[in-house]
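Participant: Listed here are the chains, written in short residue letters.
2 protein chains.
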Amino acid sequence: MIGHIHRFLIGRPLRSEEAAGERLPKWKALSIFSSDALSSIGYGPEQIVVTLVYSGLLVYGYFGYASLAVVALLAIVTLSYAQVARANPGGGGSYSIAMHNLGERWALIAAAALFADYVLTVAVSISSGTQALVSAFPELIGKEITIDLVILFGILMLVNLRGIRESSNVFVWPTYFFIGGILLMIGTGVYHALTGTAPLIAEQSLVRQQADWAVVILALRAFANGCSSMTGVEAISNGVPMFHKPEVSNAIKTTYLMSALLGIMILGISFLFMHYHLLPLENVTMMSQLAEEVFGRGWGYYYIQITTMLILYLAANTSYNGLPPLLSIMARDSYVPRYLGAKGERLGYSNGILLLSLISGVLIVVFHGNVEHLISLYAIGVFLSFTIAQASLVVKWTREREKGWMSRTAINGFGACITGIVVMIIAVTKFFHGAWLVMVFIPAMIYTFKKIHQHYLNTAEQLYLSPEDFAEHLAAGPVKSLTIVPVSGITKVLAESLRYAQSMGGDVIALHIYTDEQERIKFEEKWKNFHLGIEMHVVYSPYRSIVQPVLSYVSELEMHKSIYDYITIVIPEFEPKKWWHRFLHNQTGWILRTLLILRENVVVSTLPYHFKR
Amino acid sequence: MIGHIHRFLIGRPLRSEEAAGERLPKWKALSIFSSDALSSIGYGPEQIVVTLVYSGLLVYGYFGYASLAVVALLAIVTLSYAQVARANPGGGGSYSIAMHNLGERWALIAAAALFADYVLTVAVSISSGTQALVSAFPELIGKEITIDLVILFGILMLVNLRGIRESSNVFVWPTYFFIGGILLMIGTGVYHALTGTAPLIAEQSLVRQQADWAVVILALRAFANGCSSMTGVEAISNGVPMFHKPEVSNAIKTTYLMSALLGIMILGISFLFMHYHLLPLENVTMMSQLAEEVFGRGWGYYYIQITTMLILYLAANTSYNGLPPLLSIMARDSYVPRYLGAKGERLGYSNGILLLSLISGVLIVVFHGNVEHLISLYAIGVFLSFTIAQASLVVKWTREREKGWMSRTAINGFGACITGIVVMIIAVTKFFHGAWLVMVFIPAMIYTFKKIHQHYLNTAEQLYLSPEDFAEHLAAGPVKSLTIVPVSGITKVLAESLRYAQSMGGDVIALHIYTDEQERIKFEEKWKNFHLGIEMHVVYSPYRSIVQPVLSYVSELEMHKSIYDYITIVIPEFEPKKWWHRFLHNQTGWILRTLLILRENVVVSTLPYHFKR
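Residue numbers (the working numbering), protein chains in the order written: chain A, 1 to 613; chain B, 1 to 613.
Keep in mind that the hints were calculated from the coordinates and are not lab data.
Just so it is clear, CB atoms sit at the ideal spot from N, CA and C, and this is done for glycine as well.
One thing to keep in mind: the hints can contain errors.
[Said to hold, decoys possible] Stretches of chain A that chain B covers, calculated by requiring three or more beta carbons in the stretch to come under 8 angstroms of a beta carbon on chain B: (1) 478-488; (2) 536-547; (3) 566-574.
[Said to hold, decoys possible] Calculated lysine to any residue pairs in the SDA-like style (CA-CA distance at most 20 angstroms, straight line): (4) Lys343/B <-> Ser545/A; (5) Lys343/A <-> Gln518/B; (6) Lys451/A <-> Gly103/A; (7) Lys480/B <-> Pro572/A; (8) Lys577/B <-> Leu598/A; (9) Lys480/A <-> Gln289/B.
[To be verified] Facing chain A, a subset of chain B residues (Cβ under 8 angstroms, in silico): (10) Arg15; (11) Ser16; (12) His100; (13) Asn458; (14) Leu465; (15) Leu474; (16) Glu575; (17) Phe583; (18) Asn601; (19) Thr606; (20) His610; (21) Phe611.
Bound-form chain A, shown alone (with noise of 0.2 angstroms):
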């Protein structure tokens, strides 16, 4: 039954064989990595906005400069990515790189980062793409985090539990479509703006107020929530595999034009918002207030609605491309458990995939799927992976010196030390909305994974045996074995286990644990009567349990530190005939098994018994 549902939701396992080298053209490629890029301003430019407004500043004087210096941030980043696409042609993000480049200490703190990235990522981008959706409906109000959690749960984590290639079409589309209609909404709007009547800018909204350290900080906190606006830039550098050939050039031009488009977009959007003098309200984006001005409330609205909605949540996918990889190679690693570098049936990596929903579920419910308090923690981390990826880069460069290592050096030095900058300016404005929260996960986050890779290296040392020292302790000759058979009827079940236990060489014991003595000595009788050649123990039980007087026993042999390398016990199992005879049966078995392979030396044999009716 179980088996069914789980056949009907994931699909028929794939044999290894089955794993796919697919190559993506330049329009296909755009559209997948680029979803998480783009769909950045469906919050970006609003998280300017709010700062300034809840902050009493006079929103339009300092929002358009925000704006911009966000716009000269992506270029600056943009032309660094292009370079990392070049210096990795094979894939893998900051941590690799770092790895090569600045050593272990390095890439553990790129991988803390994008780990934060890539679960937020999915945060915010659900959550986001709710709010697009509430706004055109506002009967969903309330409802916010049921849709996330099943956009989640329901849509991306069983989607990419079936695997990746089945639904790559599905993402291509709904990317044109939204840049189509956010390039016509943007078009149409400037149109309206030059031909209208009304001042292009009021003049109240230009009024600023006199700089102090005050205003300095609120504007570079503004500065630092609009940097959200770029997040997932670097996601075409790490799929440069899946390009066709020529691999690096395809991706750079593709890094090109998707910054392009999302340059256009910030800026479009931007002088949208200031033109309409729109404000942020509670339970309405204003990227839906802004289609509402555009198109009005028709089919034009709903259909800039329903496409950001759509790339929003393509957005949260691009994680699962993301992180579920880079778990794996860092399981390989040994920084990670081993198992989340496991290939699931579908030839995902499965483990990775129930790890990011899960804790990107957890964010959601906590933060009450609040973008604005997940945006907080957001471009931290993806800022630090920027950083930490382009000085790797300056590192290689300048030990390689290839050809023109001087303009790659400079480049991106140049971004490094802007995206180092950003990183310190978000942690200090936004120190007490969140931040501070991400600078203690990436420490705990690092120490960590120092633990795992610690555990996994003692491990591999305790349990190494040279060639010699193996044939050797086989040589050994066999242990020895004391076997002790729990009796507690006379039964054909127990003369299995005796005879069982009888053919393993060892010495063998029967033991009983009695709760009466005149019971005692009527089975002590009984056993005697059966002339078996088997030597019974007796254990009395004061408080009737069966379980304990066992451990007891089996604990005092272990202290005596008796002759016997093992000892087994011998545990029958019923198996029955129909599924509800089970609870007629008392767990004693069970328990006693759970309890007693904890035990050094202790192996625990479990003998079936399977009832005919």
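Given the coordinates of chain A, work out where chain B should sit on it, guided by the hints.
Facilitator: Quick look at chain B alone, frame taken from chain A:
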């Protein structure tokens, strides 16, 4: 940690020798055994009024007659049960009596009826107790179910798991406080009524409808509901062995005293209900209304409410003295799972206590703690067991023909007829109000009891071996065993597993699962270089799972009906140094063990390996 909480809540384990056979003086026995019966007036008279009011009959025309009928029935049942005490000085309720005199079928009917009775006593009494509380403190309205469950699981269940002895003195005083309070209230009320100016019973309330069948049915239903006032009168006759000598005469005297008290209370309360023209209200019990009329809302009122609440909760407790011992007797007779007969570490029947609490809790939640709905299920079980107990005695008296058997037969025969008629009245008049549920439940229970009995008989038969067969079985010589050691890497654990396997005497095979051809070739090479002289089989796993190929391999061996009696699989179990290390290893061993344990002829041996760091 869990151990400490457990110890704190339940107390230290008690040794079997600490079991006590405490005897009770009459005054103590009265209070302990009569809380169930006496507390019934907390809901019984009100249930008569409820039926009459809801069915549109003017209340007080019929109310008085219904109450008188209930008291008359009480007298008959009391006389009858005095005989039960005499017939069963060893205690034991309808189940034992019926088993000895009427045979299995009637005993099981009685058992099912008693089961329903005990469970419903808990649900009804707790719900009523909470209603008494809520009537006095209306700010608790809406929290009834929470209070019910806290009383049930937080107090009754825990106190009973600790064992009854500690708590028995706690039970003595509330009963007397309650009796005193109710008698005082009746006295005061009757005095007011006789000396007051208002007419004793107002004219218009005596108006009645013309008799027709609908009216007859409704009047009988009122009577049926009123019968809930006398639930619990059987308690003393089940507890004869706990009285001081001479047990039987003391028990009978106590029964008479209790019934007299109960009769006076029913009559007094009914009279005052009529005098004050009380009607059922939501969230306020009629007892609460009465107490307010008599005493005003002062100390007297709160005294009545609190003692009513306490005695009702105590009444719930009497089921804990009744059902677990009944289940233990039935477990001995193999009609319920055996472990229901096991004494827990505090010498109580812990499993029975847990079962009773669980089912009562479910009833309270499903019926929203609504007394009226629960009552519909209640009385039929009680009167069914009354009837069976007395019918059993009729059989016993006529069979034994001891001195005075004729008068005894007459008393019990009459009692059995009357209570049998009551059963039919309840079954018919309350069929659609829940009696049908009981009439489905009882046959279902009997079917279950029989199925369980059959299973235990089958089991015993299948497991039985005569001494000769037993010796012969063992003499058949050692089992022929094939030992399989799954191999993933060549480690210390593998060396130890192989050594253990080799010393077991049978053939040994190493089994390697591979997912990649290159890896297989390399591994086989390595294996050869170790020169172990142990055969290695390799199996390809196309879906990358380890578990599935091992299972298939074993299945194939089983299918080919190999020459081996048993296939033993040695599975290493790692015990890490720190608890969290456990999460770093996959659970393949555990899964393999769980799935293989169910196979016929497959012995699973778990070999421990303790990491040192």
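Participant: Are the hints correct? Go through all of them and say.
Facilitator: Now for the hints, and whether the structure bears them out:
1. 478-488: holds (count 3)
2. 536-547: holds (count 4)
3. 566-574: Held - the stretch 566-574 of chain A has 3 residues with a Cβ nearer than 8 angstroms to chain B, which meets the minimum of three.
4. Lys343/B <-> Ser545/A: Given pair Lys343/B, Ser545/A holds - Cα atoms ~9 angstroms apart, limit 20 angstroms.
5. Lys343/A <-> Gln518/B: The hint holds at about 18 angstroms.
6. Lys451/A <-> Gly103/A: 17 angstroms, holds
7. Lys480/B <-> Pro572/A: Holds - the C-alpha atoms of Pro572/A and Lys480/B are around 18 angstroms apart, at most 20 angstroms.
8. Lys577/B <-> Leu598/A: 12 angstroms, holds
9. Lys480/A <-> Gln289/B: Violated: Lys480/A and Gln289/B sit about 80 angstroms apart, past 20 angstroms.
10. Arg15: Since the shortest Cβ distance to chain A is 4 angstroms, the answer is holds.
11. Ser16: 6 angstroms, holds
12. His100: His100/B check fails; min Cβ-Cβ to chain A is 25 angstroms, beyond 8 angstroms.
13. Asn458: Holds, about 5 angstroms.
14. Leu465: OK, holds: Leu465/B within 8 angstroms of chain A, min 5 angstroms.
15. Leu474: With a closest approach of 6 angstroms, the Leu474/B hint holds.
16. Glu575: Because about 6 angstroms separates Glu575/B from the closest Cβ in chain A, which is inside the 8 angstroms limit, the hint holds.
17. Phe583: 6 angstroms, holds
18. Asn601: Nearest chain A Cβ about 7 angstroms off; hint holds.
19. Thr606: 5 angstroms, holds
20. His610: Given a least distance of 5 angstroms, the restraint on His610/B holds.
21. Phe611: 6 angstroms, holds
Hint violations for this structure: numbers 9, 12, all remaining hints satisfied.
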